[in-house]
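*Asks:* Spelled out from the first residue to the last, the chains are:
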Amino acid sequence: MKFLCVECDQQMAFTERALPGDGTLAATFKCPKCGRVVAMLANPMETQLVSSLGVEIGGRTVPAEAFETVGANVVTGGPAWSADAQERLGRVPSFVRGMVKKIYADYAKERGIREITPAIMDTARAELGLEGM
Amino acid sequence: MRTYHQLTDPDRSGLAAQIGAQRRRVAERLAGVGRILAVMSGKGGVGKSYVTAHLGRAVARAGKAVGVVDADLNGPTIPALLQASGTTPPAVGLDGVKCISMGLLLADGAPLAFKGPSAESFVWRGAMEAAALREFLGDVEWGTLDVLLLDLPPGMQRYLELCDLLGAPPAVLTVTIPTPESRDAVRRAMRAAVDRGSELLGIVENMVGGELQGSAAADLSREFGTPVLARIPWHPTPDTWNQLATRL
Chain G
180 MKFLCVECDQ
190 QMAFTERALP
200 GDGTLAATFK
210 CPKCGRVVAM
220 LANPMETQLV
230 SSLGVEIGGR
240 TVPAEAFETV
250 GANVVTGGPA
260 WSADAQERLG
270 RVPSFVRGMV
280 KKIYADYAKE
290 RGIREITPAI
300 MDTARAELGL
310 EGM
Chain U
950 MRTYHQLTDP
960 DRSGLAAQIG
970 AQRRRVAERL
980 AGVGRILAVM
990 SGKGGVGKSY
1000 VTAHLGRAVA
1010 RAGKAVGVVD
1020 ADLNGPTIPA
1030 LLQASGTTPP
1040 AVGLDGVKCI
1050 SMGLLLADGA
1060 PLAFKGPSAE
1070 SFVWRGAMEA
1080 AALREFLGDV
1090 EWGTLDVLLL
1100 DLPPGMQRYL
1110 ELCDLLGAPP
1120 AVLTVTIPTP
1130 ESRDAVRRAM
1140 RAAVDRGSEL
1150 LGIVENMVGG
1160 ELQGSAAADL
1170 SREFGTPVLA
1180 RIPWHPTPDT
1190 WNQLATRL
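Same order as they appear, the protein sequences are chains G and U.
Quick note on our numbering: the first sequence kicks off at 180 and runs consecutively.
Quick note on our numbering: the second sequence kicks off at 950 and runs consecutively.
Only chain G is shown next, with the shape it has when bound in the complex (with noise of 0.2 Å):
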């Protein structure tokens, strides 16, 4: 998608990504010659679209991420997971991730346990022999 200033007859720059809620993407454009902004809004679908091609607007300021898309999209299912739960599985090399989170969920889901927290987390990987995760 280009944006032409049709008054100076020019190609409009990108300037600005912006996600300002409830799934809207902002991309902001401006003429060079006459400076007129305008701001290109996605709906949260269109945004899910982009979001689903695994591409930044405005161009990738870091390297993809082993399964970014993934894991960032895939809803896993499962027990829930506390705050302290989930950030330490955040803390989890993205690669293994996902892995290791359906470890701990199938852990949980044999024995009725309804939240995973971080003690429950010790307890799974002292008895599967997760060390490190």
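Everything labelled a hint here was simulated from the structure, so no lab data went into it.
Being a predicted model, the structure only gives us computed values, none of them experimental.
C-beta atoms are modelled at their ideal positions from N, C-alpha and C, and glycine is treated no differently.
Zero decoy hints are in this set.
Going by beta-carbon spacing under 10 Å, a handful of chain G positions derived as facing chain U:
# : residue
1 : Val185
2 : Thr248
3 : Val253
4 : Val254
Chain U side only, calculated, beta carbon under 7 Å to chain G, not exhaustive:
#  : residue
5  : Gly963
6  : Leu1053
7  : Leu1055
8  : Ala1059
9  : Lys1064
10 : Trp1073
Starting from the known structure of chain G, arrange chain U on it as the hints suggest.
*Replies:* Only chain U this time, still in chain G's reference frame:
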């Protein structure tokens, strides 16, 4: 008014370059793979995953390094069939076959669902599944493999995505059951594969010798000029799979 292509100032987002980088990532990751084979059918319930898993194991028993990508994102069964486990992808299953699957990420019994707006999710869900498949191919440290088997779901969508992601159509192993209904559905898939330029390696007829009557494999073999590599009975032995492995 000028057209899109007449506006030639540099694109700061570099979307085409980002997509190109994704494709290169897949190509670099698969550079150590000797052969990539897609196991497909076009028909559901014919045993593609079952054939894929046992074929993979037979190839591995012959001393080859084998990986399996479970491209059936919504109905993953490969981890169970291979009894695969581990904390780091790829998981490793029976006979040392490596695999990646959505079944390794989803809690038991959980359907594949994505975060995002639920209204009209059909618009983006296909793209999200294609992205997951791309990450399965490009983000798993497969190492050196002699064979990478791609277990496709029914239908052609995943096959077409694979053609795009791989940059070239994969060789295809077709699975059918004996019935004329299966033959007719599989024919469409094989035609699509031929149209995209895939090499047809052959046909595996599964569930042979029971209630299911017909000559699907023989009919398709004649029509497409590709061999019937195996007829798999209801209770195959390891030797059944070993023989199939030698014919690939």
